[in-house]
Structure formats: C-alpha cells, structure tokens
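Student: The chain contents come next:
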Amino acid sequence: MEFKTQTAQQDVLKVYLDSLLQEVLPEVDELKSVVKEEVSPEPAPTISVPVKKVVIPAWATTEFESLLFTAGGLKLSIPLVKSNGILAWDSVDLTPMPGHKLWYLGIISHQGKHVKVIDVLNFVTPSSYKVKPLKDRLQNIVLIEDANWGLACDSITGTLALQRDGVRWRTNRSKRPWLAGTVIEQMCALIDTDEFVRLLSNN
Amino acid sequence: MIVWAIANQKGGVGKTTTTISLAGILAQQEKRVLLVDLDPHASLTAYLGYQPDEVESGCYSLFIDKKAHIKPLINKTAFDQIDILCGSPALATLERQMGTRPGKGLVLQQTIKEVESDYDYLLIDCPPILGLLMVNALAACNLLLIPVQTEFLAIKGLERMERTLTMINQSRKKSLPYIIVPTMFDRRTRASVKALRVLRDNFTEHLWKKVIPIDTLFREASQAGKPLSFMTPEAKGVIAFRALLNSITVQSRVL
Chain V
1 MEFKTQTAQQ DVLKVYLDSL LQEVLPEVDE LKSVVKEEVS PEPAPTISVP VKKVVIPAWA
61 TTEFESLLFT AGGLKLSIPL VKSNGILAWD SVDLTPMPGH KLWYLGIISH QGKHVKVIDV
121 LNFVTPSSYK VKPLKDRLQN IVLIEDANWG LACDSITGTL ALQRDGVRWR TNRSKRPWLA
181 GTVIEQMCAL IDTDEFVRLL SNN
Chain H
1001 MIVWAIANQK GGVGKTTTTI SLAGILAQQE KRVLLVDLDP HASLTAYLGY QPDEVESGCY
1061 SLFIDKKAHI KPLINKTAFD QIDILCGSPA LATLERQMGT RPGKGLVLQQ TIKEVESDYD
1121 YLLIDCPPIL GLLMVNALAA CNLLLIPVQT EFLAIKGLER MERTLTMINQ SRKKSLPYII
1181 VPTMFDRRTR ASVKALRVLR DNFTEHLWKK VIPIDTLFRE ASQAGKPLSF MTPEAKGVIA
1241 FRALLNSITV QSRVL
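Chain order of the listed sequences is V and H. Just so we're aligned, residue 1 is where the first sequence starts under the numbering used here, counting upward by one. Just so we're aligned, residue 1001 is where the second sequence starts under the numbering used here, counting upward by one.
In case anyone wonders, no lab produced these hints; they're calculated from the structure. Honestly, I wouldn't trust all of these hints.
Said to hold, decoys possible - Stretches of chain V that chain H covers, calculated by requiring three or more beta carbons in the stretch to come under 8 Å of a beta carbon on chain H:
1) 65-75
2) 172-186
To be verified - Some chain H residues close to chain V (C-beta under 7 Å, calculated; not the full set):
3) G1012
4) G1103
5) G1105
6) V1135
7) M1167
8) I1168
9) S1171
10) K1173
11) S1175
12) E1205
13) S1247
14) V1250
Stated by the list, open to error - Straight line, CA to CA, 20 Å or less: simulated PhoX-like cross-link-like pairs of lysine-lysine:
15) V:K14 - H:K1209
16) H:K1031 - H:K1066
17) H:K1194 - H:K1156
18) H:K1076 - H:K1226
19) V:K14 - H:K1174
20) H:K1210 - H:K1194
21) H:K1010 - H:K1236
22) H:K1209 - V:K75
23) H:K1031 - V:K75
24) H:K1031 - H:K1113
25) H:K1031 - H:K1076
26) H:K1236 - H:K1226
The beta-carbon is built from N, C-alpha and C at its ideal position, and this holds for glycine as well.
Modelling step: build the complete structure from the supplied sequences, incorporating the hints.
Tutor: This is the structure:
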C-alpha cells in the first residue's frame, strides 16, 4: 500500500516537473511583435555554421567501466580497460630521476619492467596550485599502457559503469588534449589514456 | 558566467550562510558576483541590508511580468563586487499563480542570459521547498551545492534532495553535477561526528571531503550585514569556505 502511494506521488511529481521544465514556444502576441519588427523583406542570407564534432574514443562506443581516483583533491578517471593494475605507493621502491620535469617522479621495477612514474596532479594542473609534499599525499600508482607508465595519485575511489551519455565529450581538444570529457554526475575528468601517454612521451 | 545553486529541501542547514560566504570570498578575489534570493523568507536580502517587505524590484517581478528584464531589477549592495536580485515574501504566492504553467521552470535560466557578461558568478539561494522556485534554480545552474547540517534529520533531507534531483534530471534529460557540503560540524558532539560518518559511508561520490565547522562568528557577521570574510578573514569558517571554493575551482579548471 505504502509502495503504491509512493509511486502515485512520484507520478504526480513527474508530471509537475515535466510541465515546468517544458520548452515552450513564444506566445502568439510575442510572435506577432517579432514579426512586426521584421522590416527587411529580403530573404535572410544563408549562414553556414560549422558543426562541432564530438570526439569519442573507441573504448567508449558502448557501456564502459571507469576507474576513479583523486590527485590533490582533483577527481579523475580512466577507462578501466586501459589500466594494467594498481600498486600501493608504499610497496614500491622508486628510483628518482633528477634533472627531469617536476611531474616525472622516477622509475620503479614491476614484473621485470621499468615503469616510468609521474605525479598526475603536477602534470595536469598549473604549477601555481599548492599541494602537500609528495610523501604525505601519494598512496597509489595506476599502471597504464602495458605498465610502461605509472600514474601516482592520492587514492582510488572506485569504479563506475558509464554510458556514452553520462559523459560530456569535448568537441575541441586543442587545449588539454588528454581530457576526453567530463563524467557529468561526478564532475570528474575522464582521461584519454592514449593521448595522455603521447603527451608524456613528447615531454 | 558560472551559475551555482545552493539548495536543500531541509531548512536551517546553512544555505544562506554558504551563499553569502562564497560570495564574500569571490568578491575579495575581484570576481563580480550576482546573488539571487529565491527564498520567500528572504534571509539573504535582509542580510545585505534590504527590507524584504519593502523591496520594490526583485525576483518576484521577474516571474510575474512576462516582459521583465533582469538588469533593472538588480540592486547594489554595500560591497562593490556584489549585487543582489532581492527576494520577498510575495515569492511564496508564485506557486499558486503560475505553479503549473508549462515552461515556467525555465524563467530564470532564460532571463539571466541578459547579464551573462556582467558577472563572473551568479549564486542562487533557494527556498527549502520543492516547487517552482527551486525548479527554476536547478534548471538555471551549472552546479548544485547541497549544504547538509551534520545531524540525523538533515541526512534524511539529503536523501529527499537526491531523489528530487534525479527526477529533475529526468525531466531535463541531462544530469546536473552536485556537491554535498557538510556544514555546522561540531567535533565535540557525538551526533555531529556520527552524522559525518554516515555521510562519508553513504554519499562518498558527491561528498566534499572536508567540513564547514560550526563558528559563532557567522552569526556576528550576519548581524553586521557583512560576509564573514570581510569581517574576520582568518575565521575558521572562512578558511573552510575558502577550501571549498578552492576545491570546486581546481576541479572546474581542469574540466
């Protein structure tokens, strides 16, 4: 009984919200005033509007899982299919590589491979952002690209099944080409790992 | 222009304090801020020195007059960077007058386009009731902040707010990002600590990791009619709101 009542209430609420949020056309008198203001009898010139093309990576064409993690309070995610594992920061022995950029932390040895480890936060955010020292912050390393690269981050917050519509895909990647889009509900950056690795290699 | 709505279907959780505190900090960062008081209680309006019962222009006119423009309805405040679209008790009558007219949930979204280039931020203080005004706020904003007092009943209110948001998202056919902000946290009380734990266990995804602590200076600032950051820049409440702003800004900067 209680269930039925709740459903009925939800139905009422849905009708109410649908109505309030309905896109309505201007009323007739408003349309008339617009028509009156149309003084030019000439046909309007044709304007070509460039169509913005959404770039959707191949791994996102169907439902996909993403791995959520944080770096200095920043929420980030990568497609799970592109991750090769997660290591605990305390469990690895990092060999620092002096003379490189600040975000390049060094190399670790993992299953016979040399994994290049980077500080994700330092790489993706402007250097003006103040963060705690690395040792107080980093807890995990997310392995990507056949474990050639390791993304050092603060914490792993979970995984999330995503539909294509759950992401606001970017139409222009000229700035921050690594950013594929935004996971809408979580307001979280979704990383295009291929692009990310390309940028890391170029740097 | 960045548009944030500050809403919760429970009253007394810190909505107005959140709105004015964020506005104060943004203003001190040289950002131009427009505040929109959609609450018929008009606490924000009173906070900034206007008598809600005597307000001649404000949100009410925006809804009632089909041809109204937003710019002439905006009032100045004592703070250079902060303007306000005042609230008034008459807002409570809107639901009866037009609560079921199609499209009336999009009035604010459409009218604020007019001031798009005049302000850096627009912050909407919402009423604690689901209705025409809250729907307008949620349809107009890019981000929703949900202040939640760290106590049991407020958490119940949060569940209701999340359900409402889901339904609005379904009607809008798009998702609105939101952040839950634990407020009035008093580490000395067991109830507060327990409520925070419940929030962290059940609302992890959208929860801001820190808290806004209880701070009596907020009350003093409201009596003085100033955002707390203008009165006591290093108050613990201000530091917490600055951290919240920083956290949202860092996230937005990357996205």
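Student: Hints broken by the structure, by number, lowest first?
Tutor: Failing hints, ascending: 3, 10, 15, 16, 21, 23.
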